[in-house]
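Student: If you read the protein sequences in the order shown, they are chains U and W.
The working numbering applies: residue 1432 is where the first sequence begins, and numbers increase by one.
The working numbering applies: residue 1432 is where the second sequence begins, and numbers increase by one.
Calculated from the structure, these hints are not laboratory results.
Treat the hints loosely; a few may be bogus.
Because identical chains cannot be distinguished in the list, a pair is counted as satisfied if it fits within a single copy or across any two copies.
Stated by the list, open to error - Derived DSS-like pairs (lysine-lysine); straight-line CA-CA distance at most 25 angstroms: (1) Lys1810 <-> Lys1797; (2) Lys1693 <-> Lys1626; (3) Lys1756 <-> Lys1521; (4) Lys1646 <-> Lys1521.
Number of protein chains: 2
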Amino acid sequence: MKNPSRRDFLRQASQAGLSTAAISLGRGTFEGAIAAPAAAPQEVADEATSKPLGYAVVGIGAIAIGQVMPALAETKLSRLTGLVSGHPEKARHFARIYSVPEKNIYNYESYDQIASNPEIDVVYIALPNSMHPEYSIRGAHAGKHVLSEKPMCATVKDAEEMIAACRQAKRRLMIAYRLRYEPNNVASIQLCREKQLGALKMIDAEFAFVIGDPKQWRLNKQLAGGGSLMDIGIYCLQAARSLAGEEPASVYAQMWSSDPVKFAQVEENIAFMLKFPGGVLANCYSSYGEDGVDRYRAAGPGGWVEMDPAYGYSGLIQRVYRNGKTTVTQPTGGGQFAAEIDAFSDAINHDRDVLTPGEEGLRDMKILMACYESANMGKPIALS
Amino acid sequence: MKNPSRRDFLRQASQAGLSTAAISLGRGTFEGAIAAPAAAPQEVADEATSKPLGYAVVGIGAIAIGQVMPALAETKLSRLTGLVSGHPEKARHFARIYSVPEKNIYNYESYDQIASNPEIDVVYIALPNSMHPEYSIRGAHAGKHVLSEKPMCATVKDAEEMIAACRQAKRRLMIAYRLRYEPNNVASIQLCREKQLGALKMIDAEFAFVIGDPKQWRLNKQLAGGGSLMDIGIYCLQAARSLAGEEPASVYAQMWSSDPVKFAQVEENIAFMLKFPGGVLANCYSSYGEDGVDRYRAAGPGGWVEMDPAYGYSGLIQRVYRNGKTTVTQPTGGGQFAAEIDAFSDAINHDRDVLTPGEEGLRDMKILMACYESANMGKPIALS
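Bound conformation, chain U alone (with noise of 0.2 angstroms):
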């Protein structure tokens, strides 16, 4: 690491409990440096050859297993250090296939000793939703950095929770919106964003699959906080706020389940609107009973841009159409995770803000709960 005494110091000054006004470094505070825009100058010099940072994965599950522990093996900017689960049999092993030296596994008791680790830099949290809060914010406590899987969490509250425990610990906070990441989905909201396609006036998303084992954690609110919106429907509200461009001003939904005993906790189907304030409306929908439908488009008067499959872990194909013409766009690159996950290391090596933090993760849920809102009380919310 080329600027170990800026890390080193934030991370004293976090356990210490200093205050953000305490802390000035280079060309503000770390506070004011979340906050910066995105595209604030590069300080400090390329550090992809340094060491990376370490990451430690906080409960083995299928996103875990599937993606995130093989990501952190084809990372250049971050590496799998540690391991926390309730399993220990499963925690040792996975450190043996990932070479984690199993000094560095954790169970939710023994997770807080992460803090006396220096292996360990950052933590991602994989748990069921409702867990987030909780490993997140002993995961900052511990002077570490959090990557939170979505949805961000449960509640706004628990939102708000998360994000304020970061910043009094002086850690970051990224939500693993992993598609903002995506080549082809970047390309899209610049297109969008550009107004190649003119002023957008619609966007549609749609993302359903058929959810199996009725006892998964998904289908138990106390867990999964939400149906298939909390789960999936958030990737259809990602795709309209990041192709609007801004912050929808108001929402309707309607929600509703096929069978009562599978549904009995959660909703399977929820179709939502979303307009926004510059004249863009957005269309959506999530359910469990679909089988294959993934997709978003947004529109204006200069054509369209699709992507279908959008919302996949590979293989996200682009068309757009513009003058007749439908071009498509074949996915390129690495792994979304593994994207995602270096650009979090990148951030925090460079003092630079994260696309998506705390902060965006909140506004999702803000959204969120009004969609449930906005079903049971049969009416259009407005949103601030």
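Starting from the structure of chain U, add chain W where the hints point.
Tutor: Chain W alone, transformed into the frame defined by chain U:
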């Protein structure tokens, strides 16, 4: 015609103002035949080899010139035998092209004289929306069957009056929902009705183009009755209703326009959400401000069926996704207008119900008006 006496009798009865109850024919009254299911057994032998029914096209605008008159040159059960226009030169020009006798050209004043012209059996109303009622009703009063372009008219009251007038005159009334006679669309509807995708959860339907000439009748509320919803949103509504196979229970809509001068009278954009009692929700939108948007999709646990393009005059492509595979069906067969027109002639010839009678147009009119009411009130509207 194998059954001229019936047609002659009906016309005479109509002209004599006989009541419905007074006319008992075959398996029931004429009114009963209208209300009977579409799958009523064929009682009359095939008449494909008989003399085609004569159609007078009322209004020689873009759709008549580009679609209806050319279609009447390829129909088997129907032929162009009359023209009604306010532009005598234009009428004579097209009469020469399509071999229509000059004596069968009428203007809007002489229109009622078609009553005494036995070469004209049907009037095809191809005028701006708000003129459909007057010319449909005058056509029925003249003893002619009526095929009206969509939208049926501009108000629910007008729709009811059109139906009443045709019923009183014992003439058939059909609305020109050409897509209901297009093979790929028909197959898509059948696929859904047969639950080949399981119980549908969601439908999304979008139709948009960039409207040109700001002085055209489509932007004039007096003539069009409304904006993109009346003109093209109606296709999304038709798709949603026919794919769902039932009537929506409620609608929520939002509308807005980007250009207050061009769209001073009618809406540019409208999004509407239809909830069906059986558990399907449809997210729809129409716009006069987007290029190249022309699609619908219905999805369930077994996969989805998509049409894209879905609403154009030709080349409508069906994609069906099931068991991880997508099957693409290219369009086959002749033109949509020819199929629609011959379907009407066939129904007239055989005293069969038409698939898209006035009552079908009325159902759409009620929902379209509820869309506007919802958008104006800012709340969902229950549909009776």
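Student: Work down the list of hints and note, for each, if the structure agrees.
Tutor: The hints, checked one at a time:
{"no.": "1", "hint": "Lys1810 <-> Lys1797", "in the structure": "both (17 angstroms within a copy, 21 angstroms between copies)"}
{"no.": "2", "hint": "Lys1693 <-> Lys1626", "in the structure": "between (44 angstroms within a copy, 21 angstroms between copies)"}
{"no.": "3", "hint": "Lys1756 <-> Lys1521", "in the structure": "neither (51 angstroms within a copy, 36 angstroms between copies)"}
{"no.": "4", "hint": "Lys1646 <-> Lys1521", "in the structure": "within (21 angstroms within a copy, 71 angstroms between copies)"}
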